[in-house]
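Chemist: Go ahead and model the full structure; you've got the sequences and the hints to work with.
Sequence lines, in order, name chains A and B. Mapping of the first sequence onto my numbering: residues 17 to 297, in sequence order. Mapping of the second sequence onto my numbering: residues 1177 to 1405, in sequence order.
No lab work stands behind these hints: they were computed from the structure. One or more of the hints may lead you astray.
What the hints assert, rightly or not - Derived list of chain B stretches under chain A, where covered just means 3 residues or more per stretch with a C-beta under 8 Å from a C-beta of chain A:
no. : segment
1   : 1350-1363
2   : 1383-1397
Unchecked claim - Some chain A residues judged to face chain B by a derived CB distance under 7 Å, without partners named:
no. : residue
3   : 179
4   : 181
5   : 182
6   : 183
7   : 186
8   : 189
9   : 193
10  : 202
11  : 206
12  : 214
13  : 217
14  : 218
15  : 221
Claimed, not checked - Computed far set for chain B versus chain A, every beta-carbon distance over 10 Å:
no. : residue
16  : 1207
17  : 1314
18  : 1369
We put the CB at the ideal spot given by N, CA and C, even for glycine.
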Amino acid sequence: MSTTANTASTDVPPAVPTSNAADLTQPSGAPPSAKKTRRRTSGTGTRATRVLGISSLIGLVWLVAFGLAFSPADYLQKQAVRIMYIHVPGAWLAFLAFGVTALCSGVYLSKPGRSLIWDRFAGASAEIGVVFMAVTLVTGSLWGRLTWGVYWQWDALLTTTAFMFVTYIGYIAVRNLGGTPQARAKRSAVLGLVAALEIPLVHFSVNWWRTLHQKATITPGGDTKIGGLMLFSLMIGVVVFTMIYAWLLIHRQRVLAMRDAVEAHGLDRALEERRHEGAPR
Amino acid sequence: MNTWNVAKLVAAKDLRIEARSRVITNQVLPFAAIAMVMFAFALDNENDALLVQVAPGLIWLATLFSLLILVQRSFAIETADGAIDALRVAGIDPGGIFLGKAAALAAQLVALETILIGAAVLLYHTEIRLGGVVLLVTTVLAATCGLAFVGTLYGGLAAGIKGRETLLPLLLLPVVAPVLIGATRALEAAFGTGKAVLADGWPWLGLLITFAAAFGVVGVLAFGPLLDE
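Modeler: Pasting the structure below:
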């Protein structure tokens, strides 16, 4: 978990300003040549992210090939088992993303400098997590309809997942409330940590509630043995999704940094205009 | 001034404001009561057995909805005149402010829950057994502490932000889900609803105490950074 965040943070161009950044022209340590500067500012990509992006695309082709063609159909679930190759990696990615959010929130609060880069990583990670959690819930309910006959089971894992989804929607809503970047960062860092505390409590209580009231709950893939090629396809899925996550995370973090910079720039300009208005006539 | 003294003063101040403004008695209590009546409309009230069956859950649902209003209110009085800034500038312990506000909220909630349980006895024909009284009282207290801590923490988080009225329910309700589950099961055990046995209630009480302790500690630690925006 931490490795993703750390590698991502080192990839970020050092010239991305953390606060009070008015110089939008140099978001990625732009070289002096005007032509090059233009090209650099038009995107958030660097060589590292391009390599990462292209390799995730290649990985995605692999995943499609293995998931839809090479891996065998299941004995019981037939073709429906192929949903697994997006469902499981999607769930893994969402949990990873929320873990990274909690981790970055903790780092933000604990480091004396309170660097906003951790806040942006936390926010970017939560956004990606919510998207993939939605993918997981949708594919999961479709898969559930095919194998269990119902879209929804009051299973502990499912219920916890739904709660996580709502919790992080709330987290993103709090992030978008406005205020200074520092205020936003502090607020959302506390929320990111509290959310990480809430999830085990919800999971535990729902788990207990179900087991006290009904005996065997169906757990996806509980007692089914998984074949070699299926497992391999699943592993490809997990690796590819993690790469996509890293790619999205880095880019989103940079976009958020630019957004903060734009806002700071706009504020500085507004202040400047006011000062001119107030000047003696 | 140490944390406990701060907490006592803040709690006394909040309760004094509530006693004088009477918002709780004039608005929140009637709201909770009408909610209990509406629940009976929604769930066929010719069928008494059904209402008895679901009464513990309805008591806590009405409590949660009222909690949202109480939390809004608790922080509206702080932000209206910038009172929270004054507290901050005075340099007193944020942990004390948290505990004080939570204590005042808990006192209001206990009063509300007592009335809601009374309403359940009156309207839903819930019967309180003598053997379950200890479990009933401890459950109400533990659940109230948990709700007050979470409510104060999230109220502080959303305080002073535009749009907090709409945001607070979204933030608060998922977090208090364990309290709803745990307190409902414990109350079922205390009332002997359905086939519930008294002994089944104690583990749920344990969950409620864990919840309250976890959010109490987090609240005391996190309130400082939250206020200090």
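Chemist: Does each hint fit the structure? Answer for all of them.
Modeler: Hints versus structure:
no.: 1; hint: 1350-1363; in the structure: holds (count 7)
no.: 2; hint: 1383-1397; in the structure: holds (count 6)
no.: 3; hint: 179; in the structure: 5 Å, holds
no.: 4; hint: 181; in the structure: 9 Å, violated
no.: 5; hint: 182; in the structure: 5 Å, holds
no.: 6; hint: 183; in the structure: 5 Å, holds
no.: 7; hint: 186; in the structure: 5 Å, holds
no.: 8; hint: 189; in the structure: 6 Å, holds
no.: 9; hint: 193; in the structure: 5 Å, holds
no.: 10; hint: 202; in the structure: 5 Å, holds
no.: 11; hint: 206; in the structure: 5 Å, holds
no.: 12; hint: 214; in the structure: 5 Å, holds
no.: 13; hint: 217; in the structure: 5 Å, holds
no.: 14; hint: 218; in the structure: 6 Å, holds
no.: 15; hint: 221; in the structure: 4 Å, holds
no.: 16; hint: 1207; in the structure: 24 Å, holds
no.: 17; hint: 1314; in the structure: 18 Å, holds
no.: 18; hint: 1369; in the structure: 13 Å, holds
In this structure, the one hint that does not hold is number 4.
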